[in-house]
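Chemist: Here is what each chain is made of, one letter per residue.
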Amino acid sequence: MSDNMKMRAQLKGGLVEVKVLMSHPMETGRKKDDFGQLIPAHFVQLVTATLNGKTVLEAQWGTGIAKNPYLTFRLKGAKMGDIVTVTWLDNTGVSATQDIAVTTA
Amino acid sequence: MHRRNFLKLILGATTALLLEPLNALAALWNKPAFDTTKIKEASLLLGIHDEIISTDIQIIAPDRAENGAVVQVEIKSNLANTDAIYILVEKNPTPLIAHFVFSADTEPSLVTRIKMAETSDIKVVVKVGAQFFTRSKNVIVLENGCG
Chain L
33 MSDNMKMRAQ LKGGLVEVKV LMSHPMETGR KKDDFGQLIP AHFVQLVTAT LNGKTVLEAQ
93 WGTGIAKNPY LTFRLKGAKM GDIVTVTWLD NTGVSATQDI AVTTA
Chain V
934 MHRRNFLKLI LGATTALLLE PLNALAALWN KPAFDTTKIK EASLLLGIHD EIISTDIQII
994 APDRAENGAV VQVEIKSNLA NTDAIYILVE KNPTPLIAHF VFSADTEPSL VTRIKMAETS
1054 DIKVVVKVGA QFFTRSKNVI VLENGCG
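Protein chains in written order, with my numbering: chain L, 33 to 137; chain V, 934 to 1080.
Treat the hints with care, since some could be wrong.
As the list claims (entries may be wrong) - DSBU-like, lysine-lysine: derived pairs with alpha carbons at most 30 Å apart:
id, chain 1, residue 1, chain 2, residue 2
1, V, K973, L, K38
2, V, K1070, L, K44
3, L, K44, V, K1009
4, L, K51, V, K1024
What the hints assert, rightly or not - Listing some non-contacts, in silico: residues in chain V with all C-beta distances to chain L over 12 Å:
id, residue
5, K973
6, V1061
7, S1069
8, L1075
Derived by calculation from the structure, the hints in this document are not laboratory data.
Just so it is clear, CB atoms sit at the ideal spot from N, CA and C, and this is done for glycine as well.
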């Protein structure tokens, strides 16, 4: 599942900045294909992030998040080598998860 | 048991364990709030009430967006004990964009990219305990992004 997400977690001035780029179509269900057929809604609904297994961020998303979702968030009290895990679940039940170790900038 | 089969078994079990809490979470997704076409109704469904305009909320977004399909927004709350941040776009077909809940170890700030159907305010609501604060930023959209 590692193709679904690109992640980076860097220690910067006491905070760990986590950047996530997910690969997902984020279809609203209102768009039509070349044949005039509605493309079914297909979008990430839930995103969770953990630091060493402890939940630090939970998000609910609608169809208004842009295609190939991008997210930056910042953690306090994280250090080099700590593990940040991000998991998403879409409306079709597909999910992806990825870990990254904190590095220095 | 062959090593490969054993690994498959372990992987399968791990995936099942990972998915279980997620499926439980799926039930939490606020469908009525995300489905509604009215910003007021979305706010109501999220339990947002009596929000106070606050300059302690920072919204960095372009004044003019060439393409509404991808509008980068940076949000920062300087309010102590921020629990959650909501993003709403008044003139989108479904105004509720996202809802973020932060733990005490997470800075109440984020950067993401949203879709905007037309020129509209981006309304950010911050939840602090039982109180709500808000700030809006207008973005002129030159080409709509909800096709």
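Chemist: The structure should be examined with respect to each hint, and the outcome stated for every one.
Modeler: These are the hints, each one checked on the structure:
1. K973(V) - K38(L): 36 Å, violated
2. K1070(V) - K44(L): Status holds; Cα separation ~28 Å.
3. K44(L) - K1009(V): 17 Å, holds
4. K51(L) - K1024(V): 28 Å, holds
5. K973: 16 Å, holds
6. V1061: 17 Å, holds
7. S1069: Consistent with the label, S1069(V) stays out of reach of chain L, its closest Cβ about 16 Å off (over 12 Å).
8. L1075: 16 Å, holds
In this structure, only the earlier hint numbered 1 is contradicted, and the remaining ones agree with it.
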